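**Student:** Next come the chains, spelled out residue by residue.
There are 2 protein chains.
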Amino acid sequence: MTETVLLAHGSGGRLSHDLVRDVFAGRLTNPLLDELDDAAVFALPAGAGRLAFTTDSYVVQPLFFPGGDIGKLAVCGTVNDLAMRGATPLYLSAGFIIEEGFPLADLARIVDSMAGAAREAGVSVVTGDTKIVNRGAADKVFINTAGVGVVPPGVNVGASRVQPGDAVLVSGPVGDHGMAVMTQREGLRFQSLLVSDCAPLNGLVAAMLAAAPGAVHCLRDATRGGLATVLVEVADTSRVGIEVDETAIPVREPVRAACELLGLDPLYVANEGTLVAFCAADAADAVLTAMRAHSYGREAVRIGRTGGEHPGRVALRTALGVRRVLDMLAGEQLPRIC
Amino acid sequence: MTETVLLAHGSGGRLSHDLVRDVFAGRLTNPLLDELDDAAVFALPAGAGRLAFTTDSYVVQPLFFPGGDIGKLAVCGTVNDLAMRGATPLYLSAGFIIEEGFPLADLARIVDSMAGAAREAGVSVVTGDTKIVNRGAADKVFINTAGVGVVPPGVNVGASRVQPGDAVLVSGPVGDHGMAVMTQREGLRFQSLLVSDCAPLNGLVAAMLAAAPGAVHCLRDATRGGLATVLVEVADTSRVGIEVDETAIPVREPVRAACELLGLDPLYVANEGTLVAFCAADAADAVLTAMRAHSYGREAVRIGRTGGEHPGRVALRTALGVRRVLDMLAGEQLPRIC
Chain P
1 MTETVLLAHG
11 SGGRLSHDLV
21 RDVFAGRLTN
31 PLLDELDDAA
41 VFALPAGAGR
51 LAFTTDSYVV
61 QPLFFPGGDI
71 GKLAVCGTVN
81 DLAMRGATPL
91 YLSAGFIIEE
101 GFPLADLARI
111 VDSMAGAARE
121 AGVSVVTGDT
131 KIVNRGAADK
141 VFINTAGVGV
151 VPPGVNVGAS
161 RVQPGDAVLV
171 SGPVGDHGMA
181 VMTQREGLRF
191 QSLLVSDCAP
201 LNGLVAAMLA
211 AAPGAVHCLR
221 DATRGGLATV
231 LVEVADTSRV
241 GIEVDETAIP
251 VREPVRAACE
261 LLGLDPLYVA
271 NEGTLVAFCA
281 ADAADAVLTA
291 MRAHSYGREA
301 VRIGRTGGEH
311 PGRVALRTAL
321 GVRRVLDMLA
331 GEQLPRIC
Chain E
1001 MTETVLLAHG
1011 SGGRLSHDLV
1021 RDVFAGRLTN
1031 PLLDELDDAA
1041 VFALPAGAGR
1051 LAFTTDSYVV
1061 QPLFFPGGDI
1071 GKLAVCGTVN
1081 DLAMRGATPL
1091 YLSAGFIIEE
1101 GFPLADLARI
1111 VDSMAGAARE
1121 AGVSVVTGDT
1131 KIVNRGAADK
1141 VFINTAGVGV
1151 VPPGVNVGAS
1161 RVQPGDAVLV
1171 SGPVGDHGMA
1181 VMTQREGLRF
1191 QSLLVSDCAP
1201 LNGLVAAMLA
1211 AAPGAVHCLR
1221 DATRGGLATV
1231 LVEVADTSRV
1241 GIEVDETAIP
1251 VREPVRAACE
1261 LLGLDPLYVA
1271 NEGTLVAFCA
1281 ADAADAVLTA
1291 MRAHSYGREA
1301 VRIGRTGGEH
1311 PGRVALRTAL
1321 GVRRVLDMLA
1331 GEQLPRIC
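Chains as they are written, first to last, in this note's numbering: chain P, 1 to 338; chain E, 1001 to 1338.
Derived by calculation from the structure, the hints in this document are not laboratory data.
From a predicted model like this one, the values you see are computed outputs, not experimental measurements.
Each residue gets a CB set at the ideal place from its N, CA and C atoms; glycine is no exception.
Don't take every hint at face value.
[Claimed, not checked] Derived list of chain P stretches under chain E, where covered just means 3 residues or more per stretch with a C-beta under 8 Å from a C-beta of chain E:
1. 82-90
2. 94-105
3. 119-129
4. 145-155
5. 170-179
6. 193-206
7. 318-330
[What the hints assert, rightly or not] Partner residues aside, some chain P positions facing chain E, computed with beta carbon under 10 Å:
8. 164
9. 187
10. 301
[Claimed, not checked] Chain E residues, not near chain P, derived (Cβ > 10 Å throughout):
11. 1004
12. 1037
13. 1039
14. 1053
15. 1127
16. 1193
17. 1207
18. 1215
19. 1223
20. 1251
21. 1281
22. 1301
23. 1305
Modelling step: build the complete structure from the supplied sequences, incorporating the hints.
**Tutor:** In structure tokens, the structure reads:
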């Protein structure tokens, strides 16, 4: 076997088969993937309810960063998109676009990382595809994952269920992922203090839903655009106002320092293992207790509530006691963060 | 709105939302996509049977070619992967990776084309994602589609069901797609005669399965690596020998001429709307009749049979009456053909 990816690895011929066998199939092995057919075919669990289906492409740069890499990200991101609809993630697809000349050892490391994240999340990669493009036609490797999961009967979370008076919770400090990637990319000195929060949140979500059945109205992972963008989206979709206390929002000290240095607002910086939950106010303590008992929710806090004077908008009470309206990002803050 | 894609279109902020609304959502509109949530959630048809799940990324270059473009390809390719397992395709995801500076008008044309192909195939794009990468980090646009479909009870097609004595059918001439893309890319004179066969084959497959229930054992669309690679894969997986008549394999004259000029073997050139079927010999006429009655199977023919002296291998009887064993491509014949 060569040490780098060749165009011929994408031919559909002998080298393609070798690549699938030597790099992908062994690491991600499961009975459905091992069939290596055009599509995976499987029965859903009995009484599975509705299906959830989602996709994301990952173009993060650099590929490896403190706390994760593009492989872990590709699994966690799609698992989380399913979990945010209340679904139990089951199966993933993986599509790789690889630049000719990419080191096979790096590819193997990425696939190992996918396998580890899939194992932790309890999902299987059951179907995949690899395309190789000529040198210069892509930047090293891009990964797309799609995922299917089942939404248990009775579970119904979504922005349209948000009601005035809901509590707004966040599962942990914000901005870790974006700043970890950014400082790694820029080679900044304090990068060692910054670690991505990249994690599969389906276990945390299951614990939250079990703690207060029916009381969790909406879940969002605060990825691109950060916490602020998620709040603006939910307010806009639900037409319910949101009021948030800036001082209640957890931000780690090194993230705050890095943001200050780079002129960024941590509320707009991407997270990959931090969620925002809207739940009935009288269930908030039970949900928070369940979150804090889970390793990915230990620092969960309440940051605000819905309602107020401005339906469809987000008001932030700043540390100085001033109210300002949050908006979406107008430009691009951090390209290729996920 | 600007006329080209900006990095800020991928920020998750205001411009991302504008892009989704102005370019994607309107063209691909359906109730599930219109929710624009993290994942689409839907009930499956009652008594749906098993689920089929597949993915492919598309990196074809050029993006537009006679008979199709990357958008049509991205829908048809994934629809066909589902159909080849006997599944009724239902829902697709679409993930775009776009280079900064790509013209929005071209993107709109591609999405229009996806919408048209989805309409023809009877599927909906229900979830999606867009990433923008800096100039030079990708070649214009790459698309990933994943698809889910349902396999009706009683339908079971796959390479492991191939038996000695099966008839081998092909739905039409081979090599059209690869040569249409190749000559377009190279600007060859006779390109006007070459048109991709790119098409959704789920309707054709449904007609074949209905014509002879249980008799169709295996279906494969002859994409990357062409007809020869599909035959080698099926022989290898099923451990059944395959004997094919070279003179029976339909190849259009301009494809033959272009292949000769470029030193290519049409049996290894990609197709995007041509399938190979293995079916019980006594049902072959019924299946062929059904194929020929369908617009994508009008030129369907029998090209060989399974069995013979060499289990697991493919023997080609050439025009000169010589037998040669077909193998997979060793190198890369035509990069970025799909």
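**Student:** Checking the smallest CB distance to chain P, is residue 1127(E) really beyond 10 Å?
**Tutor:** Check fails; 5 Å does not lie beyond 10 Å.
**Student:** With a cut-off of 8 Å between beta carbons, are at least three residues of the region 170-179 of chain P near chain E?
**Tutor:** violated (count 0)
**Student:** Beyond 10 Å from every chain P Cβ: check whether that's true for residue 1037(E).
**Tutor:** For residue 1037(E), whose nearest Cβ neighbour in chain P is about 6 Å away, the distance does not exceed 10 Å, so it is violated.
**Student:** Quick one, is the residue 301(P) hint okay against chain E at 10 Å, beta carbons?
**Tutor:** violated, 22 Å
**Student:** Does residue 164(P) pass the interface hint, meaning its C-beta sits closer than 10 Å to a C-beta of chain E?
**Tutor:** violated, 21 Å
**Student:** Examine each Cβ of chain P, and state whether all of them lie more than 10 Å from the Cβ of residue 1215(E).
**Tutor:** holds, 19 Å
**Student:** Just double-check residue 1039(E) for me: nearest Cβ-Cβ distance to chain P has to come out over 10 Å.
**Tutor:** violated, 4 Å
**Student:** Classify the label on residue 1004(E) as holds or violated, using whether its beta-carbon is more than 10 Å from each beta-carbon of chain P.
**Tutor:** Correct as stated: the minimum Cβ-Cβ distance to chain P is 14 Å, above 10 Å.
**Student:** Please verify that the nearest CB of chain P lies beyond 10 Å from residue 1281(E)'s CB.
**Tutor:** Fine: 23 Å to the nearest Cβ keeps residue 1281(E) off the interface.
**Student:** May I ask you to check that residue 1053(E) keeps its beta-carbon over 10 Å from the closest beta-carbon of chain P?
**Tutor:** Given a closest Cβ separation of 5 Å, the condition is violated.
**Student:** Quick one: see if chain E covers the region 145-155 of chain P, three-plus residues with Cβ-Cβ under 8 Å.
**Tutor:** Answer holds; 5 residues pass the 8 Å Cβ test.
**Student:** Apply the coverage criterion to the region 119-129 of chain P and chain E: a residue qualifies when its Cβ sits closer than 8 Å to a Cβ of the chain, and three qualifying residues are needed.
**Tutor:** Held - the region 119-129 of chain P has 4 residues with a Cβ nearer than 8 Å to chain E, which meets the minimum of three.
Hints 5, 6, 8, 9, 10, 12, 13, 14, 15 and 19 from the list above are not met by this structure, while the remaining hints are.
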